[in-house]
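Produce the entire structure from the sequences given, and follow the hints as far as they go.
Protein sequences, first through last, are from chains Z and U.
Add 199 to a position in the first sequence, counting from 1, and you land on the number used in the working numbering.
Add 115 to a position in the second sequence, counting from 1, and you land on the number used in the working numbering.
These are calculated hints, taken from the structure and not from any lab test.
Even for Gly, the Cβ is constructed at its ideal location relative to N, Cα and C.
There are no misleading hints in this set.
Calculated lysine-lysine pairs in the BS3-like style (CA-CA distance at most 30 Å, straight line): (1) Lys238(U) to Lys272(Z); (2) Lys417(Z) to Lys272(Z); (3) Lys417(Z) to Lys125(U).
So, partial list: chain U residues that the calculated Cβ filter (under 8 Å) puts toward chain Z: (4) Leu187; (5) Asp195; (6) Val199.
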Amino acid sequence: MGLALLIPITFGVLISSQSDEGNTIFFALAGMQFTSAVILVLAALAVTSEYRFGTIRTTLQAQPGRTRVLWTKAGVIAAVAFLIGEVAAWATFAVSRSFDETGVLVLRNADDWRLVAGYGLVYALLAVIAVAVGSLVRHPAGAVTLLLVWSLAIENLVNVIPGFGDDIYRLLPFVNGTLFAGDPQITGVTDPLSTLGSLGILSGTALVLLSVATVVLKRRDA
Amino acid sequence: MIEARSLTKKYGQLTAVDALSFSVQPGVVTGFLGPNGAGKSTTMRMTLGLDRPTSGTVTIGGRLYAELDNPLRTIGALLDARWVHPNRSARNHLSAMAALAELPERRVDEVLDMVGLSAVANKRAGAFSLGMSQRLGIAGALLGDPEVLMFDEPVNGLDPEGIVWIRTLMQGLAGDGRSVLVSSHLLSEMAVTAKHLIVIGRGALIADCSTQAFLDQAVTAGVVLRTPDSERVLPRLLSAGLEVHDDGVDTYLITGDGVSTDQVGYLAAGVGAVIHELSLRRASLEEAFMELTADAVQYSASGAPGATSDHELALAAAAQ
Ligand SMILES: Nc1ncnc2c1ncn2[C@@H]1O[C@H](COP(=O)(O)OP(=O)(O)OP(=O)(O)O)[C@@H](O)[C@H]1O
Ligand SMILES: [Mg+2]
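Here's what the structure looks like:
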């Protein structure tokens, strides 16, 4: 959990104290992108450890409503992830600003606000995805590997596919997490609708995965 | 009261529980007996709604587990003492359960006291001995003060003191008028704990009767015969409809309906055989149990004495 704060702040300080020109809010918060991996891992482990220790059976004994169990868990973990996202983003912003000498780290409009405040929402949705994957895969190592390979490797490699690769890239959930909390000048996503579209894709993915995880959890033996 | 109706569970090809029907009545400890792999744990997991029956139902007081308003208040169970997060203290584990089931926090201290874990309530459960883990599991089962209790092999790995403690506890619970189902693969343990027995093998029902009736039926007497004249006496015994089992050097265990030392003695004299020893042997409880569930044992070491030697001996004797 400390990592979730330490990584982005360190990045923010490094970037903001080094660059004299071209620093932006988006760059100062670059470390937040790395921290999303921490969120995925923590959220997935929160679910899979129940299977590892067999405590899921104890939980389901006390509360046999499986939908309720999974959605409550997703809600709580998402709320924690949201808080981590907000705290980390604002702390990084504040610390970076104190190291920045160019004076660009100022919130001028709604877009600037989104660049910082957006991370809470992104982290919350990433957490829901990780909870769903964790519940489906059940093995800690398996779930974590799948999430990291998917978010860090596969989604970035799709971009390299010549021709349609770029089109698919824009539809991938983790990419859209980045785009939502991204700077239009840099990501190239300029109109507000596609910013919202990014949020839509990310939350749609989270909802679909959580629904699939719910159906599967209800069907199979605990 | 637990009631299973045609309860069946298949794992792929394997039928772990096979059209099982039984009911567990309040006021007595009911033993759930069967060899390893008989399907006891699977039946219990289905009762708790953890595993989904392939067909059939099992209800608690007429309702499926998922339909119970507050399951922990209705049925408490210890299926596996390891289903505890090792880094949680005993108290935290029970508090988490109580919170999930909306039970008052004071129950946590009450049950910790009942199972004698108050002194170590704040120690991490991962450091508990098997006996302590088992007690913690039982505390969890008692948390909701339920009318129905279910324990899966609760005495496994316990020392004699622990075994007596659990036995007394279960009988006390039944004495309060609760339904208590306890599984075991040891008949000797069930003989002193349970009033009623449900015996299964390969997932199917073998017996559902009082422990006394089961013992009377199961503990068959055999006759031990030591003789140097086996080639003469054994065919005679076999032709009289008795069964002959190898029991050591020149020693045989004779079984069969109403077999007695008198009968074997007369038969031996009839063929002029010398007898060195002739005595009655009461089968031990475990032997009796194995006899009854022999066909139902899934994992028997091939070539184990008794499993194959009967037939071989019969054939050899008949050939002579
Ligand atoms: N999840 C599972 N997947 C596949 N097979 C299973 C599963 N659970 C149990 N089995 C099989 O079902 C059968 C019954 O197992 P079960 O654990 O219910 O037996 P048991 O009577 O509790 O045995 P024991 O005395 O060893 O505890 C066994 O053959 C077992 O291998
Ligand atoms: Mg078992």
